[in-house]
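Number of protein chains: 2
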Amino acid sequence: MNILLGEPFRKWCKTMRKVVLLSTGSTKYGRIDVTAREAALTAAKEAVEKAGIENREIQALYISNVFSMTERQGHLGPLIATSLGVPWIPALTIETACASGGTAFREAYANVAAGFYDCVLVVGTEKVSHLDVVTATTYFSYGSDYQFEAVNGASFPGLYAAMARAHMHQYGTTEEQMASVAVKNHENALHNPKAHFHKKITVEDVLKSRVIASPLKLYDCCPFSDGASAAIVASEEFAKKYTDTLIYVMGSGRATSPAALFDRENMASIPATNLAMNQALKQAKLSRKEIDFLEVHDCFTIAEIMAIEDLGFCEKGEGGKISDEGVTARDGEIPVNPSGGLKAKGHPVGATGVGQINEVYEQLMGEAGKRQVEGAMTALTHNIGATGGTCSLHIFRRGD
Amino acid sequence: MNILLGEPFRKWCKTMRKVVLLSTGSTKYGRIDVTAREAALTAAKEAVEKAGIENREIQALYISNVFSMTERQGHLGPLIATSLGVPWIPALTIETACASGGTAFREAYANVAAGFYDCVLVVGTEKVSHLDVVTATTYFSYGSDYQFEAVNGASFPGLYAAMARAHMHQYGTTEEQMASVAVKNHENALHNPKAHFHKKITVEDVLKSRVIASPLKLYDCCPFSDGASAAIVASEEFAKKYTDTLIYVMGSGRATSPAALFDRENMASIPATNLAMNQALKQAKLSRKEIDFLEVHDCFTIAEIMAIEDLGFCEKGEGGKISDEGVTARDGEIPVNPSGGLKAKGHPVGATGVGQINEVYEQLMGEAGKRQVEGAMTALTHNIGATGGTCSLHIFRRGD
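For the record, the sequence lines run as chains A and B.
My numbering puts the first residue of the first sequence at 8, with every later residue one more than the last.
My numbering puts the first residue of the second sequence at 8, with every later residue one more than the last.
Bear in mind the hints are in silico, worked out from the structure with no lab data behind them.
There's no promise every hint is true.
Pairs involving identical chains hold if they fit within one copy or between any two copies, as the list cannot separate such chains.
[What the hints assert, rightly or not] In the DMTMM-like style, the derived pairs of lysine to aspartate or glutamate whose C-alpha atoms are separated by at most 25 angstroms in a straight line are:
id, residue 1, residue 2
1, Lys215, Glu243
2, Lys57, Glu381
3, Lys52, Asp270
So here's chain A without its partners, still in its complex pose (with noise of 0.2 angstroms):
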């Protein structure tokens, strides 16, 4: 499995050129009023003009999505490069599942550290409020190997319950130590204006929500949001031109595990975290204890829990306990979501990834408001498709 880290991987990270990113934008997770296809506007509108340049500057536009057919519409590419005026820009659409905002921005990186183009556009969009939650649900579950796994009833909650049942089975994690993990999210997305969720919770209240698929109540998972986001990806010598503080994309690492759960060799792990963590590091050449604070894919309690773990944060089996702990908190010892997470913050499946990376910006540049982790520096994103068939991941780190 080491080709990822084979000779053009090592080559390419001698070469390539400095990336930047440049700024970000986003709109309000939730329940919005307005397509898909407008909520990336917004979401770009604000990325553009933080960024200080003008929308004919963007080279090429890299949109993820997965739900837009439901709003009778794809093919977003040159609709929206339509839209921001400039109808002439390479633009596509790239789909993972909930990793798709990750993967986008890794091609977009990938083609800026590769001398393609100086400045693109990266928009994750998502609108899903218009369905009922039964057929959510059911177009969600199009992301498991539905042949084998959703067609016998396995929806999303049913996978990661099981998943969860591994990790109590295998480590002795419990369902308060889940519980803590939503009630840490829900307290950081207090102060996260822009987040779906502004509520308070207890471990109390996660235990006795109601139950989805034993031992996952209400409360350990993420909703279903709309919401869209955006990030300008630059060449370091485009980006100067706009601003003094660079933060740098250090490191990429894009990775796959099995489809269906039943291929793998622990239910409780996700082998495309850690060799996307792997190959991430050695790019950027930093080690985890260098890393300031982490967004990762908590599409529920126990992801958030694996994540931490599969990230090499903590040994394998102790991502519960940590949680528990308050090592993760806010001001703990390595700050998990400061966002808050899917969990609160919500999950515009399309727009996750690229979220991450806004919370990232917001937080290195010091505008985090009360959310802030205090002299951040250093960040990883974690994006997760499905119950882990993909994973996308970033590092970035802001200029001195």
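Following the hints, complete the assembly by docking chain B onto the known chain A.
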């Protein structure tokens, strides 16, 4: 609009490494009784075997697909990677409507050129035959600017009919000239064992066929097809380990047009075609005269006529005339669609752009049998999304 031809592009052209089309594969196009996922595996297997590599040498997977959600399956990346026995490689799906195949190929090419990977598999796949014609036409219309075009009843036959009327009005193009495109492509497909149609037709047959959207009749329109095509893209260094006959990717052009027809200056022209062609020619350092044949996007007969004009192989407005005169026949001055084109080879949306590249591979290797374009060394693929919102274009040349 010349931002695409600007400094980063020029710099990159100087430093990029050479990229080779190592092999291709394809299912028969038409109606297939397997899922898009399974069709993809068949095409991939052929490409891998022809290349002489092992599956585990594939370092990344670029999929193009538009309608797999209608089969209740998204997130094809890890699914196909798993089935190929490489459930760790980065994998993703790209969508730009009917140009998805060309766009996926471009992204794979860019990543190899940049040095990320040495060997990448591109697979375009589509299954639509489980949808009835009205449903399929409706889903296809989501590739237009749905809110402003399709919602008013303008499905793709309607939109291309409007383009045809504009072309007839401005340039005097006739229904007979359009029919000659269909006759030629059906003739070519007779010799393509993987084509959807093996049926010789006459101009008379076309003119007498059922009106779909005047002036377009049934035989002016490509069919709904299922199918999958694959391509292996490799660095020159990697490719040389497996073959002495190297087909180089010489140029790659990508551009967008205003999404909706009503936003275009001239409804009888697709500006993205011209933009992408200029990029690719500049990069390839080739002239049109050096190109031996074209695979162009003939979703409707008028589309082939516009393509050869917008690509610059004749004066604007002359496309119908030269088609009728046999200039674009397999033994003509500039052979167009020796494969049979979308019109007769078929149009499995996500596969189409990769299928064009499959034809280029077979022709440049001299393996096209009775449809061989004699002495072909250089070829162009032109893949369009919707009414031209997207264009993805590539130029290939066989090394001496």
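Going down the list of hints, with the structure as the test:
1. Taking the shortest Cα distances, Lys215 and Glu243 never come within 25 angstroms of each other, neither inside one copy (51 angstroms) nor across copies (61 angstroms).
2. Proximity of Lys57 and Glu381 under a CA criterion of 25 angstroms is satisfied intra-copy only: 22 angstroms inside one chain copy versus 56 angstroms between copies.
3. Proximity of Lys52 to Asp270 under the C-alpha cut-off of 25 angstroms is restricted to the inter-copy arrangement: shortest distance 21 angstroms between copies versus 43 angstroms within a copy.
Consistency note: the structure conflicts with earlier hint 1 alone.
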